[in-house]
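A.B. asks: Chain by chain, the residues:
2 protein chains.
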Amino acid sequence: MESIDKLIANFNKLPGIGIKSAQRLAYHVISMSTADVNALAEALRDVKQRIHFCPICGNYTEDEVCEICANPKRSSETICVVKDARDVSFMERMREYGGRYHVLGGVLSPMDGVGPDKLRIAELLKRVKDEGVKEVILATNPDVEGEATASYIAKLLHDLPVRVTRIAHGIPIGGNLEFVDEMTLFKAIENRREL
Amino acid sequence: MESIDKLIANFNKLPGIGIKSAQRLAYHVISMSTADVNALAEALRDVKQRIHFCPICGNYTEDEVCEICANPKRSSETICVVKDARDVSFMERMREYGGRYHVLGGVLSPMDGVGPDKLRIAELLKRVKDEGVKEVILATNPDVEGEATASYIAKLLHDLPVRVTRIAHGIPIGGNLEFVDEMTLFKAIENRREL
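Top line first, the protein sequences correspond to chains A and B.
Mapped onto my numbering, the consecutive letters of the first sequence carry residue numbers 18 to 212.
Mapped onto my numbering, the consecutive letters of the second sequence carry residue numbers 18 to 212.
Same shape as in the complex, but just chain A (with noise of 0.2 Å):
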């Protein structure tokens, strides 16, 4: 059946969908009630037309500017850095964090051909600049990748009168030093902090 295979194949593209589950989602879906299908494909592209980059921060947003930067109560003197919008997200889970953010786009990866010409870093320079910042927040990924951007952020910013820090880095709240990996012990041990 030609629209059934075609949903499959819709199914299987998503990421971590296989084979075997793209075809279970697909019969799901006969069974559904057309009014959840409906809603299902009008989410679908709802989120595809209303969703955008907030012209500040790169955030996502559905409005002209996103609900952060729109915020009056949110600090515009500190800027967390990170690599996507879905890192906005991740932080925002915190509740802790009331400063901004500004998103890179992706981080520095010269193999794959991204330099800083290809990451909002321009853009940032100057909310630094223009915004009164105190303290950029650099959130990259403790990654090669991300160690570099921040590190190459971090120099941009040297002769601005603003405060560059790092997020750290070390044994997550609950982890077992048996299943922690040797980089991040390094990164507990280097960070260690007096009692």
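Using 35 Å as the maximum straight-line C-alpha spacing, the simulated DSBU-like pairs for lysine-lysine come out as follows:
id: 1; chain 1: B; residue 1: K23; chain 2: A; residue 2: K135
id: 2; chain 1: B; residue 1: K37; chain 2: A; residue 2: K37
id: 3; chain 1: B; residue 1: K100; chain 2: A; residue 2: K23
id: 4; chain 1: A; residue 1: K90; chain 2: B; residue 2: K23
id: 5; chain 1: A; residue 1: K90; chain 2: B; residue 2: K37
id: 6; chain 1: A; residue 1: K30; chain 2: B; residue 2: K100
id: 7; chain 1: B; residue 1: K37; chain 2: A; residue 2: K204
Hints listed in this document are in silico derivations from the structure and should not be mistaken for laboratory results.
Chain A is already provided as a structure; the job is to place chain B on it using the hints.
C.D. replies: Coordinates of chain B only, in the frame set by chain A:
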């Protein structure tokens, strides 16, 4: 963001998609091309609008009669009885069976109030009488309800001039047609036994 929350909720309703997977899928949709998102939305609607049950065998179809019932090369002398329309596609993966199917639309389950009148058993008896059927292969799952349903149908067919067989227990007890490999299915058909 309302639209992303709605999409996450809709993904989360699908079987096997937890909240974390739903979030990952929803954010992935933002990064998909508009054409791909529209193709998925259209495929969902299409499946729901175009697929219905074949009036003869109960299989899924987009046409008036399913492609197996409409195929003159498929022998009408053998009917393979399965629980769900999905089971037809599982059996067809084998590519060895040349007969037709009859979908019961469930199995006998007194606990859930499913008696013989809720299943397409009367339709099966009518087909056996009208279509010159020589063999009925009972291919319900080898679990308690599947066995009970097979026994019940075998008893009903006992006085008719038709051979009644049961797929062999090559399929693990408690197993499910969906997760059985093609070779096991082939053996199960090959070693079918009289009831």
